[in-house]
Amino acid sequence: MTELLTRPAAAQDRPARFRPSAAGWLLRLVVWAAIAYLVLIVPLGRPALELQDFARAACYAIVAISLNVLLGYVGQISLGHAAFVGIGAFMSAYMVTVQGQAFWIGVLAAAAIGGAQALVLGGVSLRIRGLYFALVTLSYGLVAGDNIFQIESFTGGGAGQQAPKPQGFESEWRYYYLCLAFLAIVLYVDWRMMRTKSGRALLALRENPRVASTFGINVRMATLFAFVVSGVFAGLAGALLAHNDLSVSATTWNFNLSLVFVIMTVVGGLRSRPGLVIGGAFFALTPYIIEKIPGFDDLLVKIPAPFDLTPETARLVIGPLLLLITLIQFPGGIGQQIRPITRWLAGHRFDIHDKGPKEVQITDVRA
Amino acid sequence: MSVLEAYDLSIRFGGVQANLDVSIAVGEYEIVGVIGPNGAGKTTLFNMITGFYIPDRGRILYKGEEITDLPVHERASMGLGRTFQNVGLVKGATVRENLVTAQYLQADYGTVSGMLGSPTSVSTERLLRSRADALADVLGLGDLLDTQVAGLPYGTLKRIEIATVLATDPDVLLLDEPSSGMGPEEAHKLGDTLLELRRTFGLSIVMIEHHVPLVVRVCDWVYCLDFGQLLTAGRPDDVRNHPQVVAAYLGEDPDPAAVALTEQLDSLIEAD
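Residue numbers (the working numbering), protein chains in the order written: chain A, 14 to 380; chain B, 4 to 275.
Honestly, the hints are just simulated from the structure, not real lab data. Keep in mind the model is a prediction, meaning the values are calculated, not measured. Each statement offered as a hint is correct.
Derived list of chain A stretches under chain B, where covered just means 3 residues or more per stretch with a C-beta under 8 Å from a C-beta of chain B:
{"no.": "1", "region": "196-207"}
{"no.": "2", "region": "210-218"}
{"no.": "3", "region": "226-240"}
Idealized CB from N, CA, C, for every residue including glycine.
Using the sequences and the accompanying hints, generate a full structural model.
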């Protein structure tokens with residue numbers, strides 16, 4: 014292109030970017046430190062069993078980011094994400110227990126098979142979209158649960174597969190940190206992706222594939238790429254979940270779990286990383302939180318319901334309620350609500366009315 | 004020498020022959036207008052040239068290379084840029100994000116290296132952003148860079164769209180009704196912009212346009228389509244006064260015999 018385009022932008026004409034004062038930075042630093050303290054230090058004081066719950070929260074956050082790639086970036090819904098995650102869990106457990114490989118090999122294999130199966134479903138998504146694609150993923154989840162996860166040599170059948178903690182991370186708190194590290198990597202990759210051409214290509218083609226193709230974007234390849242990214246994240250989360258629980262069984266990866274995954278992603282907030290992490294962690298910790306509220310257990314039993322309400326099933330009641338509120342009142346989920354705070358933490362001016370230039374529309378959450 | 008040539012393009016949708024044996028040629032640095040009444044098949048012609056439709060018959064050559072069957076994104080990477088009748092922009096994004104997204108082909112780094120944040124990708128991204136700013140200034144959009152596209156006035160959207168298509172670094176620009184939604188003054192300024200863009204970027208431009216003064220001012224050559232067929236082609240002034248073109252736009256003079264018959268009937272009714 015001509016030199017017209019390579020000359021530096023007329024930056025001096027535009028208002029200078031907001032920079033917080035020294036006190037402002039200090040205040041932000043204090044809040045950051047408080048968050049770090051809450052995430053890194055506080056859990057260490059808890060019993061080992063609870064640390065397992067916290068590690069699961071980190072894994073669910075990865076799942077939420079994985080599902081967000083499909084739901085938030087590509088605009089396709091997956092009702093079979095439990096199978097995406099489950100296949101990663103079984104792969105890692107199989108590699109470690111049956112093949113006697115190291116944990117890292119197991120994680121790599123889980124990520125690879127997660128990406129491979131997502132690629133196949135991505136191929137399907139190029140042909141059918143919307144509700145019908147949701148049905149395909151739903152049946153894929155059911156088929157996986159009834160068939161793939163019943164292969165005795167791969168999954169250990171009804172007894173499940175053993176998945177020991179990796180060497181050097183045997184203790185609960187070390188494994189918790191390992192999960193946090195993986196979450197940090199996934200967050201970084203997702204952040205980089207959305208700031209580079211591949212992420213922008215996804216956003217463009219979600220809104221208007223015709224326009225995206227005139228930008229020179231290969232719409233098919235970009236869609237498949239997004240599915241692979243989502244599948245790799247899901248497989249990774251599966252491997253981490255497997256070794257967190259020390260064993261994997263086929264019954265875990267059912268349709269209920271897929272529903273919880275979708276709900277936590279939407280409630281957390283599409284295209285908002287902080288929201289997704291909070292949403293994922295909240296739904297992973299729902300049983301834990303319910304147990305922590307004194308007397309809530311007894312209350313649950315007294316509520317007349319078509320099925321027994323336990324802390325585990327309670328999220329299938331809380332979830333849809335939150336989903337309803339989200340869809341009607343706050344389509345951007347938790348992420349949209351906390352945006353003033355996250356923007357402030359990132360060094361911008363505090364603006365309570367800042368709901369973001371890309372306010373999530375209800376139509377985004379289309380089935 | 005022609006940059007873009009189309010020979011005998013024909014396409015049929017069910018019972019409608021949308022284009023029949025349409026041939027056009029666009030020379031280097033030429034601004035070519037495509038006019039014709041609504042439903043004449045102008046946008047269909049654009050869709051075949053840019054690859055959204057594959058013609059039933061005919062060939063399209065771009066810089067001497069056959070591109071008749073290539074997918075849209077490959078044609079875009081060869082330097083064919085287009086705008087849409089109903090504004091082709093990512094509405095949920097800001098103007099700057101649109102301009103950066105459109106530079107997809109200039110982002111010269113691998114997907115994975117971008118995801119891992121390699122130094123090349125970071126510096127390229129910075130370059131893309133400054134190019135976006137420069138382009139926005141060229142089209143007088145500097146103040147709108149951080150504004151979300153959705154909600155801006157239609158005429159402004161059309162200008163943003165031209166900026167984004169320029170960001171794809173095209174050699175040939177296909178504009179689908181660039182002046183729609185603009186007032187006469189804005190349309191006149193658009194004409195200045197187009198002439199200037201041709202000069203600075205060395206572009207060839209094909210445009211579908213209804214605004215006759217604009218066509219007459221900027222176009223070197225005009226094709227007129229009607230009912231999917233080429234009615235006539237020539238210099239803007241000749242085409243404008245061509246009797247068939249006038250007829251296609253305004254309708255023909257009524258048949259004298261029919262007029263006499265109507266008058267006769269009218270008088271009969273009055274006599275009753």
